[in-house]
Amino acid sequence: MRGARSKKIVLWSIIWFNIITLSLPTVIVIGASFTAGEIIQFPPEGFSLRWYQKLWQLDDFQPALMRTFYVSIICTLISIPVGTLAAIATVRYRFRFRKSIQVYLLLPFTIPLVVSGISMMIFFGEIRILGSLWPVGMALCIINLPFMIWSVSASVNALDPELENAAYNCGAPPVQAFLTVTLPAVMPGVITGSMLMFILAFNEFLVSLFLTDSRTVTLPVQIYNSIRSIITPDLAAVSVIYIVIALIAVWLLDRLVGLEIFLRSK
Amino acid sequence: MSRMVEVKDVSKSFDGTLAVNAVNLVLNRGEFLTIVGPSGCGKTTLLRMIAGFEVPSAGEIRINNDRVESIPPYRRSIGMVFQKLALFPHMTAAQNVAYPLKMRRFEPAQIPSLVDKYLQLVQLGDYAGRYPHELSGGQQQRVAIARALSFSPDLLLLDEPLSALDKKLREEMQLEFRRIQQELGVTTINVTHDQREALVMSDRIAVMNEGVVQQDGTPVDMYRNPENRFVANFIGMTSLFEGTVCATGDGVVSVKSGNVLLQARSNDKVLPVNTRVDCAIRAEQIRIVEDASVYDNSVFGTIEHRIFEGDRIVYTVHVEDLGGARLHLFDHDPVSHKEYPANERVRLGWNARDLFAFQAPQSN
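Those sequence lines, one after another, are chains A and B.
Each residue of the first sequence is one higher than the one before, counting from 1 in my numbering.
Each residue of the second sequence is one higher than the one before, counting from 1 in my numbering.
No lab work stands behind these hints, which were simulated from the structure alone.
Heads up, none of these hints are tricks.
Listed below are several chain B residues computed to face chain A (Cβ distance under 10 Å; list not exhaustive):
#1 A51
#2 Y74
#3 I78
#4 F82
#5 M91
#6 K102
#7 R147
#8 L157
The structure presented is a predicted model; accordingly, all values stated were derived computationally and were not measured.
For glycine and all other residues, C-beta sits at the position ideal for the given N, C-alpha and C.
Let's have the full structure, built from the sequences with the hints guiding it.
And the structure:
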């Protein structure tokens, strides 16, 4: 009995330690963003929305936010067909070099982002697309693609391999079978992966740092630049905006992949 | 009757192992054939070749007199109920049933009434809007049947769809499959490892083992006149022991087994003296007797187990005189018979026409 009790105490201590260490920075930043004072501090000095207002009026903020949305959307849009098809192919079909292709697709994950950033900067420079915004989205798609593939692969693995045969048996040619049966069945993985890709691209800093300049700077890089000059509470306000966007994504995910119930046949 | 399916010398090998070995089968329009055999006997591979998911390594498959080996599955007029059903999880029951109609380009105006008709046929009229996960196992089965039949295929294939159900539901669905099959008159091939299911549902049975069709015939024929030891053993509850032919007569041979002489039927086969044979006897043909004079064969044995199964008692009797063979027998009449305890010495009797003698496979 004593053993069980002390085990419980230890477990709960660990849980609370985790909850506090994980959420404390967020709580502090949210609090600090509402300060009425001039410096970031916690607990905040008074309550005001002045730093949000300041943020909105800042020349650089709105364009940077828009560019970040643009880059994230490009990244997500590319990743949906590429990641979905790659995941289905590498999980479902046995073909030559299947293992090598699997490893190759996961490679970006194993390379330090600094290395990816530098090499993409050089490459994009060589083919003269450095300075445009869309290559940034593409670069973010490449480095984060493993998440999309993992997410879709999980759905493909859960799929009954006979489902496609059942579609053929019903008279559906392969393309029809794919569009009407396979694709809808792996949709939860695609949705989860897309959300993940969007959030990751929205937050990505290091590679963007290499690929953007003052005309194409995205929000994370913009924040970094501001920190280097002076730390004011508007940075806390930006952080809160990030937190809100992440929460919206999680909420959307829950709503959309609530669809998953439909996809369980047993 | 016209031929619906003809399988001619069909073989299939995977990486050098022969899964199906020169199989021949003919199925007439409207017939219900069950291919039965232990797992790994090649029955599912054969079915998948007929469905078009596997290509035969050799031989011909004809459906409605057309060769189909090179025709993809989506151009064959075959409905199939899969082992794990493979219902489309993101479609309702009605959408599942409508799917083959859409894919096969039926008149759109016609589809709702056909869907309705087939859902009624499987008694799921009220469940059209339910998703597969909202249906019970038996209801999912019914959706799968309706989906396989809604476009009036030439041929219906059943790939052990009942194996996952519990016994009571399985028996109910066996009769349901049979009812629907007879109502529509659709030619059907069923694959199963359950010999009872084969006997209950089929017009004809083909017993397969190790890629080869062992015997093909009506259920009654298969049960009463098995052609070899495998079929005799696989269908029904059968006891086996070895012997040697010591005299031949008209349809009857004398077999020496252990140290007793038995009368057995030779199944119209020529079994010369000194042939080594496998003897097979069904559990319901053996009686525990006081007076052996009315039976052709009689031995003494010791009861080893007695299993009470409610409607019958199953005895296992150890017979020293038959080389230590174990014979299984049923006692179906608990009213007039006494129950014999284990270790009791009993006399067993049976008739020559119930004891099968098969030439033993040549051992090299």
